[in-house]
Amino acid sequence: MMQRFSFPVVQPDPALEDLRAELQGFLREELNAGNFRPEPECWMASADPEFSKKMGTRGWIGLTWSKQYGGQGKSALERYIVTEETLRAGAPVGAHWIADRQHAPMLLEHGTEEQKLDILPRIAAGECYFAIGLSEPGAGSDLANVKTRAEKVADGWKINGQKIWSSGAHMSHYMVALLRTSPADGRNRHVGLSQIMIDLSLPGVTIRPITDLSGDAHFNEVYFEDVIVPDDCLLGEEGGGWKQVTGELAMERSGPERFLSSYITLETALYQLQGKLGSDSQARLGKLVASLRTLKGMSWGIANLLHQGISPETEAALVKDLGNRLENDLTQQVRAMLNDLPAEEWSDEMRRIINIGVLRSPPNTLRGGTTEVMRGITARQLGLR
Amino acid sequence: MINTEGMVAETAAKIFTDLCGREIPHQAEAGAYPQELWDALVENGLLLAWVSEDNGGFAAEPDEIFGAIWASVQAASPVPFAETLLANHMLDQAGLAPASGSASFAFSGADIPFGGQVEQIVLFDAKQGTISLFDNPADERRHVDSLSPDGATRFDPAGKAALASAKTNFTGRAFEALILTVRAVQMASAIEAALNLSIAHVSEREQFGRPLSKFQAIQHQLAVAASESAAATMAATQAASACARNGNDPAKAWHEAVIAKVQISHSVEAVTVPFHQVHGAMGYTQEYDLHHYTRRLWAWRDALGNEHHWSRLLGAELAVASPDQIWKGVTTGEWIAS
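Those sequence lines, one after another, are chains P and G.
With UniProt numbering as the guide, the letters of the first sequence map in order to residues 1 to 385.
With UniProt numbering as the guide, the letters of the second sequence map in order to residues 1 to 338.
No lab work stands behind these hints: they were computed from the structure.
In this text the structure is predicted, and so the values were computed from the model without any measurement.
Incorrect hints may have been included.
Stated by the list, open to error - Listed next, the stretches of chain G that the computed footprint assigns to chain P, with coverage defined by at least 3 CB atoms under 8 Å from CB atoms of chain P:
hint, region
1, 40-54
2, 217-223
3, 233-242
4, 305-316
5, 320-326
Stated by the list, open to error - Some chain P residues near chain G, calculated using beta-carbon distances under 8 Å:
hint, residue
6, 6
7, 84
8, 296
9, 309
10, 311
11, 313
From the three backbone atoms N, C-alpha and C, an ideal C-beta is built for every residue, glycine too.
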């Protein structure tokens, strides 16, 4: 009698816990030295190349790829610990996050030897950053509607069009974009799409920041006007972009950044409130921790499945849906708990962090596939679509 | 994922599939006790699966026990299977022989699952540190729970002589961990069974010329319920795993067990509302099967302390723990010793 969903329970590995302790030591030192200010949603909205280089020097970027390409030859489980600890600290990891998580593995699979030798060591050093090129003005949840074209020319591809909501594009060296390389086949729009790596310093690329409601400008519009990239920038199969992208999205939906992005808000509050919580707040804390522990179990279970080469798409979508809701709920629960402390006793840091948390909450349930898209994936697995 | 492999789990699953068809819980509620089902559980020794060989049991691995309990709830079994298993385990831990028939358990004076049915009751007395076995005479069995046929009733040991009594090394927290874990497994199983019924119903039932399952509003309600179901199973599995790893001292599994009870009890409203909503009036009838799961979920979230009770108890401990200790618990499942 099988259960409907498959999340193995995996015990912590002592070797991984040593790595955790190292990370904690480093992050504490950096924080105490005033080298960063903790923030919620740090992996998307808090970037500091100097910090990324420090992590690169210590071997904490590119953990999963081989030494020949500047990596550490370790497993995705080790990378999980690094991401978990940096999220807990609210550290400025936004510069390298996407390249490390997503594009380096893509290059390893589809890149030329030359690209791997050139780019991967720079990513691992925390010096080379990537942006995601999926959304367009007319292609949000309806991603297959991308219109930006790549046309075959003599020595490569000529790109025209526009991408939008590209986080970190203003500081990135490359974008991997989903582009139309041939027309849709009637109503089947999933054919004719390809993934192409674009050097963002090329002529014809224009990057304009978009300011978000908090005044930050970490995402961008990126315009392409007759941008020519060489042949080998096509990653994977020509026309196979849809399958590659959906596979890639499934892999990144269950990581710790899907349920721990706001943990720094709770942690900051706990330092303020230790020993001062009233009975209602204790109940809130108990419930919150129960949800966090459960999500950790699910996310860690999937990480271990991915490590074995199994990609559970629906389970990942479930984690993202539950985790994003938890992240936003966490901020609300902390707001309620803070009433146990007179407002004049709230530290400035507490106010700053909780305000950032509130302002940065809307994109949680949007990026990487909206909640509605996640529920559609789940509904399909349940046999309802 | 709850382990459903191994002799105990597979034997139990077969018995419940063969002898607890969908008519059985209906008949049981009409007063026809499923004697054949109960006899099969007895004859196959399943009620002694969680008892050491010294006391006549066969000491199955705990994760197999939880798999057997999962199977019993899938079939909406109306017999006190999990309760007797656990009652016998509690007796065994104190070096006492198993109950002679059906049994259930409680903390002193608390509500007793299936108390209106079981022949014997095992009580843990925290003050004395003892486990005692009492008769539950037929003429004194009182069913006081309108939520569920197997729900709680009261038992007052005052003035009654125990059939057997002995000191136990297990603390109150050890028994809490075991009881809450068993309950968590039952609840996660009931949620999944009700989800499966809901999926089947919306796939068959047509309105406006198409199956309900084709409406996005329906799809999303069940997708949310499915995510809660997956989380419930995860929480129950983590608790079961902690109990299995700490068989000699389940107190060490206390946090994971409480977390499971909190997580799952909180999700009961989030799942039973859509389950009933997508079933329409059909799901509200006695004739249909949904209530075998939803009424049990409503009863189980309250019995032995509801989600608010356990959230506060857990939170009260965490409120005086350091942020480092809380983080360690969340990430590794290793909680402060207490």
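Results of checking the hints against the structure:
Counting residues of the region 40-54 of chain G whose CB falls under 8 Å from any CB of chain P gives 0; the rule of at least 3 is not met. Judged by the Cβ-Cβ criterion of 8 Å, the region 217-223 of chain G is covered by chain P as claimed, because 5 of its residues qualify and three suffice. Taking a C-beta to C-beta cut-off of 8 Å, the region 233-242 of chain G contributes 6 residues in contact with chain P, enough for the three needed, and the coverage statement holds. Taking a C-beta to C-beta cut-off of 8 Å, the region 305-316 of chain G contributes 9 residues in contact with chain P, enough for the three needed, and the coverage statement holds.
Closer than 8 Å: that is the beta-carbon criterion, and the region 320-326 of chain G has 4 residues meeting it against chain P, so the requirement of 3 holds. With a cut of 8 Å, the hint placing residue 6 of chain P at the interface with chain G holds, because the nearest CB-to-CB distance is about 5 Å. Evaluation of the residue 84 of chain P hint against chain G yields a held restraint, the C-beta minimum of about 6 Å falling below 8 Å. The beta carbon of residue 296 of chain P comes within 6 Å of a beta carbon in chain G, closer than 8 Å, and the hint placing it at the interface holds.
Using the Cβ-Cβ criterion of 8 Å, the hint placing residue 309 of chain P at the interface with chain G is not satisfied: the shortest such distance is roughly 18 Å. Restraint check, residue 311 of chain P versus chain G: the minimum CB separation of about 16 Å is more than 8 Å; hint violated. A hinted interface residue such as residue 313 of chain P counts as satisfied when its beta carbon comes closer than 8 Å to some beta carbon of chain G; here the least separation is about 13 Å, so the hint is violated.
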